[in-house]
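With these hints in hand, go ahead and build the complete structure from the sequences.
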Amino acid sequence: MRKIKFILQKEFIQIFRNKTMLPLIFGVPIIQLVILVHAATLEMKSIDMFVVDKDLSSLSHKLINKFEGSPFYNVSGVSFSMDEAEEAIEKNKADFIMHIPYGFERNLMRENSSRIQLLIDGINGTAASLINAYSSSVISDFNRNIIVDLTKMPQIKDMNPIAIETSYWYNPELNYKIYMLPGILVILVTIISMFLAAMNIVREKEIGTIEQLNVTPIKKYEFIVGKLVPFMIIALFELAFGLAIGKIFFHIPMVGSLSLLFGFTIVYLMVVLGIGLFISTISSTQQQVMFIAFFFMLVFILMSGIFTPTESMPVWAQRVNIINPFYYFMRVIRMILLKGSGFWDISREFFSLSIYAVIILSLAVWRYRKVA
Amino acid sequence: MLKHTENIIVVKNLIKKFGSFIANDNLSFEVKKGEIFGFLGANGAGKTTAIKILSGLSFPTSGDVMVAGYDVYKEREKVKENIGYMSQKFSLYEDLTVRENIRFYGGIYGLSGKYIKEKTESLLERLKMKDIQNSLISSLPLGWKQKIAFSVAIFHDPKIVFLDEPTGGVDPITRRDFWEMIYEASDSGITVFVTTHYMDEAEYCDRVSIMDQGRIEGLDTPGELKKQFNAKNMDEVFLKIAR
Chain A
1 MRKIKFILQK EFIQIFRNKT MLPLIFGVPI IQLVILVHAA TLEMKSIDMF VVDKDLSSLS
61 HKLINKFEGS PFYNVSGVSF SMDEAEEAIE KNKADFIMHI PYGFERNLMR ENSSRIQLLI
121 DGINGTAASL INAYSSSVIS DFNRNIIVDL TKMPQIKDMN PIAIETSYWY NPELNYKIYM
181 LPGILVILVT IISMFLAAMN IVREKEIGTI EQLNVTPIKK YEFIVGKLVP FMIIALFELA
241 FGLAIGKIFF HIPMVGSLSL LFGFTIVYLM VVLGIGLFIS TISSTQQQVM FIAFFFMLVF
301 ILMSGIFTPT ESMPVWAQRV NIINPFYYFM RVIRMILLKG SGFWDISREF FSLSIYAVII
361 LSLAVWRYRK VA
Chain B
373 MLKHTENIIV VKNLIKKFGS FIANDNLSFE VKKGEIFGFL GANGAGKTTA IKILSGLSFP
433 TSGDVMVAGY DVYKEREKVK ENIGYMSQKF SLYEDLTVRE NIRFYGGIYG LSGKYIKEKT
493 ESLLERLKMK DIQNSLISSL PLGWKQKIAF SVAIFHDPKI VFLDEPTGGV DPITRRDFWE
553 MIYEASDSGI TVFVTTHYMD EAEYCDRVSI MDQGRIEGLD TPGELKKQFN AKNMDEVFLK
613 IAR
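Keeping their order, the protein sequence lines are chains A and B.
The opening residue of the first sequence carries number 1 in the working numbering; numbering runs sequentially from there.
The opening residue of the second sequence carries number 373 in the working numbering; numbering runs sequentially from there.
Calculated from the structure, these hints are not laboratory results.
Careful: at least some of the hints might be erroneous.
Said to hold, decoys possible - To give a feel for the contact side, a few chain A residues facing chain B, derived at Cβ under 8 angstroms:
#1 R17
#2 S57
#3 K205
#4 G208
Yeah, the Cβ is synthetic: ideal placement off N, Cα and C, and Gly gets one too.
Right under this line is the structure:
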């Protein structure tokens, strides 16, 4: 045990003496959280619409005004020509075209029905369906108003016999920031700890000191504990720091127990640090570490459920997620912080990660060779 | 030299292969307790391979190797407790100070903090390095680094110290100083196993083995070797063997 103390001391001196480390530990979390939480939004704001109004009637003007009045829409162009509208889509100047055909008003007056056409840029499927949903609701609202206008009848209060009353639990205002922040925090904590751990041992290989260590009677577990504990402490600090930023700047709720969250994080970090260590035992240069770690990181992050619910992924992808540490932590941090889940609610994730930690750490210890 | 009688390293039929390449071809030799044993050979002759096997960094392909009374196959950790090692690659941490390096290496050999502190004081005194004890290793000249590296390698009072080309790249005066330190260590009872390709250094050794293409071609005191090969100095001995 005494030997571990000396390794810890040495690691901490080296980490804090490294001039690029401190800004990394303190600066990056602030920048990442503040910028990414705002950037990673799924809300649609300022949808660019292009209007082709061939009717030029008072009714078509009313409809366009309705869109212009909404904070979500930005009319980027009005024209008589469909070609011009298509060009706007091709140049990414418009997200969709609203085509009001000739005779729009007349048909409505005479036949009590009329048609308009929405042409939506479908490259981003999620955005396209949101645009469709938003626009349809604007148009149906417009619809209701003209019925009142045309029939001169007072608006019927209950048009729908069954009223749906929705209330959103845990996030009543549907604030995406309190959903995104814990997710980004997971990525942040993981990147810092996994990269630091993976780089560390390979660095000793590169400068040759690993040989000097291997010739000492130090035990493998002493070496590994001594290497991992400093990064564990830094990562836990990082989490606390990130949560504080979230509380102060984004007012994220912390419904559940923080000690449960930190307890779970310790198990999670054992897995992440174990993976980092394993990568560093199989690589001989820092470049190799970067490539391998980056590859896994990218796959794991995209599959983790940070943006999209994992339940809607194909079954095989959900199976792959069994080995994705991000997946577990992404769920649990949101469950604890936003819903206030207790230990039994997250026990499945807790035990899965514990088994994972045992496996990956054994693998790393086994791969770390003192003898060539 | 009758004082060196007890064997501390015994190597019998040591073979190390890398694929089809034979780095050590059937080496057999003994090193006596307390002697300075020179391990000579041209670059690529297999010196470093042998020293890595003796210090437990590499497995032999076959043969028996006993170091400090322990088998390098079965009692690897025991071997490691009893040896010191300084490689041609630099082994100190450049981003730690002199004192921090000593403390770290002392610590992982299991010495107590108090003992390390006391011994560091007397060591710095002897090396006349008190003023630079808190300087980073990266700021020191090569010769000083080598002296510190050697002191760190014998800090835990090993029975044997392995030095793999310890004086590469430094001026003759610094090399001379370095050899003074080797003599001091030897006087205090540490067996010194040193590889070099400076032939003047070979003259300082009690006994010398000369390797060529993985085999030991000569092993005796420098004086006997010169007689045996009918040479004026070790340089000539070496050239005759390597040809």
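Now the hints, each set against the structure:
Annotation: R17 of chain A was flagged as interfacial toward chain B, and the flag holds, the nearest CB pair being 6 angstroms apart, inside 8 angstroms. The beta carbon of S57 of chain A comes no nearer than 77 angstroms to any beta carbon in chain B, farther than 8 angstroms, and the hint placing it at the interface is violated. Taken as an interface hint, K205 of chain A does not check out: its beta carbon lies about 11 angstroms from the nearest beta carbon of chain B, beyond 8 angstroms. For G208 of chain A, the interface hint holds, the least distance from its beta-carbon to any beta-carbon of chain B being 4 angstroms, beneath 8 angstroms.
Consistency with the previously given hints fails for numbers 2, 3, ordered from lowest to highest.
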